[in-house]
Amino acid sequence: MTTRPQTMSKSADKKPQTIDECFATFENWPRNAPISAQALVDSGFYYLGQELKVKCFMCDLEVDDWRHGMTAVGTHRKRRNDCEIVRAIDSIKTGDIQTANEKWRLETLIGLSFSESNADSGDLTEIDRRLCRELAACGFYRFKNTKFLR
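Residue numbers (our numbering): 1 to 150.
Each hint should be verified, as a subset may be incorrect.
[Unchecked claim] Calculated cross-link-like contacts (lysine-lysine; reagent style DSS-like; alpha-carbon spacing at most 27 Å):
1. K78 x K53
2. K14 x K78
3. K147 x K14
4. K15 x K147
5. K147 x K78
6. K53 x K14
7. K53 x K15
If you're looking for bench data, these hints aren't it; they were derived computationally from the structure.
Turn these sequences into a full structure, and let the hints steer you where they fit.
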C-alpha cells in the first residue's frame, strides 16, 4: 500500500485551476530533478508530490519518468498531442491565434477584478468577466503568483 508523503503541498491535494496553483504544487519538487518546475508549469503540468510524478491539469496526462534531455512540452506533445495545452503552445508558436486555447488562459485570469470598487470585495462584475474573456482571447494570461499579465 502506498501512502502520500507528509511533505506534499496542500495545493496538490486538488486539481489546480490556475497557473499560480500549478506552480504552488512544486514547493517540494526535487532540486536535482532533470527538468525544472517552471518548464513543467509552462507546459500545463502540476506536481503530484511523489518523486517526479506530474499531471496535466487539462488532459490528465501523468508523467513520472523524467530524464535529462527530455523537455516538458516535447514529452507532452509526444504522449498526448491532442491536449489543448499542446495545441495552444503550438498555435502560439506558429502565430495561428484562432486555434489557441483561450480556456487555459481564461482560467488564469478568473478572479481578477479590474474595477477599483470590487478589488477588495472579491465580487466580480459582468464587465470584469467580459474583460477576462477578451484578454484571454487576445493571448493574455496571469503570470505566476502575481497580478501581472503577460
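Here is what the structure says about each hint:
no.: 1; hint: K78 x K53; in the structure: holds (17 Å)
no.: 2; hint: K14 x K78; in the structure: holds (26 Å)
no.: 3; hint: K147 x K14; in the structure: holds (22 Å)
no.: 4; hint: K15 x K147; in the structure: holds (21 Å)
no.: 5; hint: K147 x K78; in the structure: violated (33 Å)
no.: 6; hint: K53 x K14; in the structure: holds (15 Å)
no.: 7; hint: K53 x K15; in the structure: holds (14 Å)
Hint violations for this structure: number 5 only, all remaining hints satisfied.
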